[in-house]
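Undergrad: Now for the letters of each chain:
There are 2 protein chains.
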Amino acid sequence: MSNVAVNTINSLNPPNPQSSIQEERAKNAFDPSMHEFIEGGEQKSDLILDLYQSLERDPVLQSNFKDYDLSTHANRLQTTERINRMTRYKEQEVDSEFFRRLNLVTVYDPSLGIRISVNLGLFGNCIKGNGTDSQYKYWCIDKESHNMKHLWGCFGMTELGHGSNVAGCETTATFDEKTDEFIINTPHIGATKWWIGGAAHSATHSVVYARLIVKGKDYGVKTFIVPLRDSNHELLPGVSIGDIGAKMGREGVDNGWIQFSKVRIPRFFMLQKFCKVDRDGKVSLPPLEQLSYISLLGGRVAMATDSYRICARFITIALRYSVGRLQFKKNLKDLTECQLIDYNLHQKRLLPYLALTYALALGTDRLENQHSKVLEDLDHAIESKDMDAIKQGLNETKSLFIDSGSLKSTLTWLAADCIAETRQSCGGHGYSSYNGFGKSYDDWVVQCTWEGDNNVLAMSAGKSIIKNVNDILNKNKKIDGSLKFLNNSVSNSNNEIILGKEDELNDPVIILKSLESLISRISIHCLEALKTNNSDWDSISHERVILSKLRCHHYLLETFIQRLNSNKDEKLNQHLQNLVHLYCYSSIFNDFAGQFIAFNILAPKLKLLITSRLIGNTCSKLRPYVVALTDSFQQPDNLLHSAIGNYDGNIYENYFDVVNKTNPPNITKAPYSKNLEDFLNRDSLEVRQRFEKGEEVSKILSK
Amino acid sequence: MSNVAVNTINSLNPPNPQSSIQEERAKNAFDPSMHEFIEGGEQKSDLILDLYQSLERDPVLQSNFKDYDLSTHANRLQTTERINRMTRYKEQEVDSEFFRRLNLVTVYDPSLGIRISVNLGLFGNCIKGNGTDSQYKYWCIDKESHNMKHLWGCFGMTELGHGSNVAGCETTATFDEKTDEFIINTPHIGATKWWIGGAAHSATHSVVYARLIVKGKDYGVKTFIVPLRDSNHELLPGVSIGDIGAKMGREGVDNGWIQFSKVRIPRFFMLQKFCKVDRDGKVSLPPLEQLSYISLLGGRVAMATDSYRICARFITIALRYSVGRLQFKKNLKDLTECQLIDYNLHQKRLLPYLALTYALALGTDRLENQHSKVLEDLDHAIESKDMDAIKQGLNETKSLFIDSGSLKSTLTWLAADCIAETRQSCGGHGYSSYNGFGKSYDDWVVQCTWEGDNNVLAMSAGKSIIKNVNDILNKNKKIDGSLKFLNNSVSNSNNEIILGKEDELNDPVIILKSLESLISRISIHCLEALKTNNSDWDSISHERVILSKLRCHHYLLETFIQRLNSNKDEKLNQHLQNLVHLYCYSSIFNDFAGQFIAFNILAPKLKLLITSRLIGNTCSKLRPYVVALTDSFQQPDNLLHSAIGNYDGNIYENYFDVVNKTNPPNITKAPYSKNLEDFLNRDSLEVRQRFEKGEEVSKILSK
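If you read the protein sequences in the order shown, they are chains F and A.
Residue 556 in the UniProt record's numbering sits at position 556 of the first sequence; the count goes up by one each step and never skips.
Residue 148 in the UniProt record's numbering sits at position 148 of the second sequence; the count goes up by one each step and never skips.
Accuracy of the hints is not assured; some may be wrong.
Identical copies go unnamed one by one, so any copy, or any two together, can satisfy a pair.
Said to hold, decoys possible - Here are the simulated BS3-like cross-link-like pairs (lysine-lysine), alpha carbons at most 25 Å apart as the crow flies: (1) Lys661 <-> Lys463; (2) Lys484 <-> Lys128; (3) Lys329 <-> Lys398; (4) Lys463 <-> Lys128; (5) Lys178 <-> Lys669; (6) Lys669 <-> Lys143.
It should be emphasised that the hints constitute simulated quantities derived from the structure, not laboratory data.
Chain F with its partners taken away, still in its complex shape (with noise of 0.2 Å):
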């Protein structure tokens, strides 16, 4: 196929792509110890690679490049066959193994990843959080739906007039004290709930955030299981429900619309964790209703690890090709034309997003493990009652809130960059569904928008900031948890230039205190502009949406300086030193240069350096092992579902092949060809006209 004639002795050379990668390949490559480094240690590696050695095995869970021409039905019907078969690793994974695997396979079928994660994560979650043990118990364990059996669950919250306002959801539940049940209804269209994964055809159960409205009082949004469908799976009387329709990605999920007619649910159906009613219609509230939200957590962290993997999978393809790919001669001594990756424009596209990946591979490492401890410590603290230990999980859970609210937001903007970019950088075949890039980008960027849409969540994460300069500041307070750096910001308020040298920019340290001042300036300034308008928070909302970003950056460099620090193996030290001054370069000064600057912490002069300079000497000191520093992400080419992409290299045969055997070139008419043919072979004008606007019939007509 590949040739127009194989294996004769007169064709002209065809191009040879993988000889690049592979020479590439045998001069520079690192040791599984990058890897390790990169996942955060030994186990966690070892792990990773037998769960990419058993998905690719797996003859349902394997990718399929005929995966990129499904319909939205067979999608949805390969998505459940998918999902079953996960229902088995369940049953017999512990669960740190099974949510790692669920973790990986989302890279390369996120309409499966999120159809479990909403189920498991969310509506369970969401029970284990806001039910009482013996609610979860019986939901979750007893019934089964933990391991996907019996039960499906679906998240029940936005409303198609309420997304980011949970608290203004128009749902209700009203107690009926006759009956000892609540009355579930929808009052009007806006209170449709909207975009509920699984909804449409899966979910036999929901979590529905609903207000809570006894004896006529509002007690705002609590959280109630309600049936949907029985166990044979027919809709309940006084559901209603929808499929929501075609989407932008994620075609293999089937989120829906549900509206409720008066359904009628027992009482203990309402998760009563933080809120009680009692037979007799008395709401009693226990402290801690804070942590009911505590359940989203966990996806957002999700959200920052799937955000590093995903920008590792497009990053990986994307060198690849810019290895293996000529195009043009340099100059007209050149005999051959130039690899892509040669250009200096190319390394500048490219390697930026290498450096950020692994930033972002040490931060979320980072946050999955501050996550499990909140976890961990808060239900320590609870079981043992100890209120010191809960109040210390209380600022814990704090810091997470603020930590994950602004890696989530800020990584998943990232990515959706890394994506967008890293296809257009493959030219025309970025563009070609079997090189991957299409469809990860419109399954990816909802990643931007749900479970804490990006700009609510930073703006969130920038006002917490705020407040905690302004307590260090303006109240004396010394503050505890990730956001301890900012303890500094007095000595940071100060107008001294920071970065004023040259050889300042060499050291991640004091790039690390430049980000500390920038954050505590630009806070100083907001807290400014709310003495002058009536504290309207509003007015700053995007200098908050920047305070965040650069908390997560400052997150990032801190992470991978401690792990830089603590790293043993000089031979990848050297790289790592390059990867972090490329990041420092790129991400945080290239896209932040106006406020370094504008805050008089970065010498305009050295902005100048920078781009004219340092990005792009260290991007050539990082060239030789572009091949090597990608290939240590280690993911298989069933992950990286990309014709282009794959690890031999063999860019243009694997490509055409893709291409051939999902659309057979013998079948050389369209389906619709003879509507093709019968207007290119029509009659002329005149004919079909009956001749009626001629000189002939004008002379009848006229007479």
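Place chain A on chain F using the hints.
TA: Below, chain A alone, put in the same frame as chain F:
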């Protein structure tokens, strides 16, 4: 459908978004003069409104929400039917009308648009540009391909291994003296014609870019007409064609690959305006071959105009939504939720794109006129054989190459950003196909890659700018054409600050001057770099791209100022002033702040002023007019094709109605429901393991 029970008395109040939009419209509206201003005149405005109506009424061409659910097959069938319909207009409309129709229908059906554009634009213009008059007359007029009849042409330029580097194409056209024929051949897989729009199913003929080989000598890439299918639409022998398969977007287009296996064509199938081969194989190359690429200009100009119209479409949708959508209460005193557009951040996210869209409208109208004039002047000059006029025409063409390259690349990028940001600004609803964003983004982004990759075009435009500055500074030349502002490079090259005081930011003329200075200073910086690195243009490619973007903004701002100065309507002017200010503050200063400061053109303290005050203040001034300013684009619902973007503003009812019509909720089980039910109701693990792992078996086996 819209309420749980409609037309009853007791329902709670549903949201009423249409009242917000209609109240704002009642308060502020512009008469038709704004549309005339935007479109560049009454005549063009009237034509566009007529065409909007014609498209809306046409039963085949009108948009339908079911379009968003079409399978690839159905999409292609529909596109074919729409092409058929368009042929009837082509036969009876003058070109200026038909191509405006094509331009407008492309906004909501870009697959249809590009299928016709490849045939009439690329194929037809290539024959017109590269063929003799007789060749054009034969292929396009006599054979009626200009009416999309008998012949359907595709454009065989790019190859699997060669995109941007056309001169590197490897398909060969070898002259066979014995038979007076060319032999068209694909030597290996890399030379396979790839991405060819229309090739897979439609095209009867292709323009083929191939290396002319005569008597063993390679004369470089020339153009040939090669028949692909006979009059029965059967594939010709020696021609291999396949469907390129699934793509990120433009599913309605039958992109294909083509391989030629020594296909013979008569000698006169070579397009021979610029290159002739006589019967004996003597090759003559008349002058002006540089004009052979002029056929590509039309596409670039059209893509710049497309950028305006697509931005107008999505900013209209997003702003209507932002006016009708309520979210959160701003503070405890407010009784109702706040309109999205009244949030500071929301204004800062959307209104800069509104201002940009106005700048795009004016700038691309100028580019269209410039393009028509160049073609006219050149035709006239060549006809009259006036060498001075030809020289002048060539100079104008050069300017147009730079301007169209710079605008095509910058504006298609900005339009992609605009679609992405407006989508996100509509939250989850932006992700629904029925609101138009997803499909449009996917269809759009290929514009950044095809017919001149954006980075390649931008580098080329940037290079021309630097060379011009060099000519002016170091060769004492005066330049003419649209880059003549560079003649001020000497005075612009001093290091004086241009924008040091706040009031200077109120004057677009000073801002234009500051842009000129920045372009000159960056160019000089690049010339210095070239001196120290052996004229390595590659090393300054990043700067060249920035120069191209700045040149685009110079073009837009210059046009905006000229149009403002010549506009007599004072009522409109105050709003246009606000728009031009916001355009400068956001698209120019916000995006290029680092450069302006680094080259000492903008004082750092003014950067802070712009972001923290001027952008916000200008947004506030525009806020009351957002409905009027978007209504002025006059895009009808048929073209907006977005359930939440309709003129009536009845967001939720319209959206819910579309979802239900396309996904009837009375189908309560998915076709794949059995698969779901089967695994949900599966047997226990023990049963499925035949109890082999139980204690009893363990006892038996251990004996």
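Undergrad: Evaluate Lys661 and Lys463 at a C-alpha cut-off of 25 Å and name the case that applies: within, between, both or neither.
TA: neither (54 Å within a copy, 43 Å between copies)
Undergrad: What label fits Lys329 with Lys398 when the C-alpha limit is 25 Å: within, between, both, or neither?
TA: Classified as between; 24 Å across copies, 56 Å inside a copy.
Undergrad: Within a copy, between copies, both or neither: where do Lys669 and Lys143 come within 25 Å Cα-Cα?
TA: Between copies, since 23 Å is at most 25 Å while 54 Å is not.
Undergrad: Quick one: Lys178 to Lys669, C-alpha cut-off 25 Å, is that within a copy, between copies, both, or neither?
TA: neither (70 Å within a copy, 35 Å between copies)
Undergrad: If the cut is 25 Å between Cα atoms, do Lys463 and Lys128 qualify within a copy, between copies, both or neither?
TA: neither (29 Å within a copy, 62 Å between copies)
Undergrad: Since the copies are identical, ignore which copy is meant and state whether Lys484 and Lys128 lie within 25 Å (CA to CA) inside a copy, between copies, both or neither.
TA: neither (31 Å within a copy, 70 Å between copies)
Going down the numbered hints, you'll see the structure goes against 1, 2, 4, 5, while the others check out.
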